[in-house]
Structures are given as C-alpha cells and as structure tokens.
Amino acid sequence: MQNPEQEIASVALLLTASDSPDIQKAAFLKYVAPDVGFKHPLCYVPPSRDSRATLLGIYQWYRVLSPKIIGRVHSVVYDEPNHTLLLDISQQFHIRISPLKPAWSRLLVRITIKEINELYYISFQEDFYHADDFARLLVPALAPAILLVQAGTSVASNVYASIAQMLGFWRPSHKAGVADAGLYDGDKTD
Numbered sequence: 017m018q019n020p021e022q023e024i025a026s027v028a029l030l031l032t033a034s035d036s037p038d039i040q041k042a043a044f045l046k047y048v049a050p051d052v053g054f055k056h057p058l059c060y061v062p063p064s065r066d067s068r069a070t071l072l073g074i075y076q077w078y079r080v081l082s083p084k085i086i087g088r089v090h091s092v093v094y095d096e097p098n099h100t101l102l103l104d105i106s107q108q109f110h111i112r113i114s115p116l117k118p119a120w121s122r123l124l125v126r127i128t129i130k131e132i133n134e135l136y137y138i139s140f141q142e143d144f145y146h147a148d149d150f151a152r153l154l155v156p157a158l159a160p161a162i163l164l165v166q167a168g169t170s171v172a173s174n175v176y177a178s179i180a181q182m183l184g185f186w187r188p189s190h191k192a193g194v195a196d197a198g199l200y201d202g203d204k205t206d
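Using the numbering used here, read the sequence shown as starting at 17 and increasing by one per residue.
Quick caveat, the hints were computed from the structure, so don't treat them as lab data.
Even glycine gets a Cβ: it sits at the ideal position worked out from N, Cα and C.
Do not take every clue at face value.
[Unchecked claim] When the alpha-carbon atoms are kept at most 30 Å apart in a straight line, the in silico DSSO-like pairs for lysine-lysine are as follows: (1) K55 - K117; (2) K130 - K41; (3) K84 - K46; (4) K117 - K84; (5) K46 - K130; (6) K41 - K55; (7) K84 - K55; (8) K46 - K117; (9) K130 - K55; (10) K41 - K84.
[As the list claims (entries may be wrong)] Each pair of labels, with its calculated beta carbon distance range: (11) Y60 - L135: 24 to 30 Å; (12) N174 - A147: 15 to 21 Å; (13) Q76 - W186: 47 to 53 Å.
Please work from the sequences and hints to get the whole structure.
Quick look at the structure:
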C-alpha cells in the first residue's frame, strides 16, 4: 500500500470477501508481510518467518466455511505515528451447511503496518468482537440470549454494589461540594 488510510478498506475486503481464491491469494502476497501475526477469538498466529502462509490458510478455510461473505468497512482511523489502523467493520458470514439465516456481525480490527521499500504491509492483525456479535457469526439465534444474560449481569452488578455499600464497601461519600451530576462544572474553558 502506498496510502494505508485510503487503501486499507479495499484491502480488507479483498482478503476476506474476494470472489475467487486466486484474487484472495494475490492480495495476501501483495499486502501482507511474510512474517505477519494474527490474533482472533478462535486462533492465533505468532509472527514468524513465512507465517503469511499459515494466515492465508486460515482465511481460505474461512471462505470454505462461508462461500459468500459480505463485508462493509464503516470507518478507518489511522494512527500514523504508531503505524496502526483501526477498522470498524460489519460482515455477514453464513456457514455453508447452516439452515439458519445469516446475521450481520460487527467487529473492530486493529492492523499494525510496517514500511518496506516505501510500501506498507500488514504486519499484525487483531480482531475484536463483542460476545453477541461473535455468536451471530456461528449461531445467530444465540445473540439475543447473550444480550439478555449481559443485561441481567448489569442489573445484578447494581444490586450487588448496593448491598456491598450498605455493608461499608466502596461507599461514596455525600460530602458537600461533590456534585451528583459528575465532576464537570460546566465551565468550557478546561
């Protein structure tokens, strides 16, 4: 890549949602460093000599599992000094043999790049999913149940916090001068 911020969205879609294995492999060879690393909730590829072949195999298996992947890159943030790109992505992944209707899943992808001969290559990729979004990839019907459990945990946390505070643990003081609305005093000069 010559301009990572402008090119990364199309590169990401070439790597994940190409229409042919030849296009996908060509994109890997063109944009991914030979010693790439990869971290995902289900797999990890440590950076090593020619780890690109291992990562390509994972991406190829991903396409075998889902013959049609639809991806959308909503935004890209480029932290140039740290050679990092953050991509907000949605994808529709449908397991080939699943009778379930595919669902959209959202993830954050952090890509570290390195410069070699005035071109930029992906040197490390990390995929971050919320639990319900990850469930949408595999068993979409589980996502509402996961959200329900998470909402229940939020309620339980508040109940437990109230009980703990009644017992004297982590009890905020109600001293004069501490605003219940927060610490911001409305003065826009800070």
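Hint-by-hint comparison with the structure:
For the hint linking K55 to K117, the alpha-carbon distance of about 27 Å falls within 30 Å, and the restraint holds. Our distance criterion of 30 Å between C-alpha atoms is met by K130 and K41, whose separation comes to about 20 Å. Among the hinted pairs, K84 with K46 is consistent with the structure: their alpha-carbon atoms are about 23 Å apart, no more than 30 Å. Pair hint K117 plus K84 holds up; C-alpha atoms about 13 Å apart against a cutoff of 30 Å.
For the given pair, K46 sits about 13 Å from K130 by alpha-carbon distance, which is consistent with the 30 Å threshold. For the suggested pair K41 and K55, the alpha carbons sit about 20 Å apart, so the restraint of at most 30 Å is met. With a CA separation close to 23 Å, the supplied pair K84 and K55 stays within the 30 Å bound. Taking the CA atoms of K46 and K117, the gap is about 34 Å. The hint is violated against a cut of 30 Å.
Annotation: proposed proximity of K130 to K55 holds, straight-line Cα distance about 17 Å (limit 30 Å). At roughly 17 Å between alpha-carbon atoms, K41 and K84 fall within 30 Å of each other, so this suggested pair holds. At about 26 Å, the beta-carbon gap between Y60 and L135 stays in the expected band of 24 to 30 Å. Separation of N174 from A147 is about 20 Å and conforms to the stated range, judged on CB atoms against 15 to 21 Å.
A hinted range of 47 to 53 Å holds for the C-beta pair Q76 and W186, which are about 50 Å apart.
In summary, the one numbered hint that this structure violates is 8.
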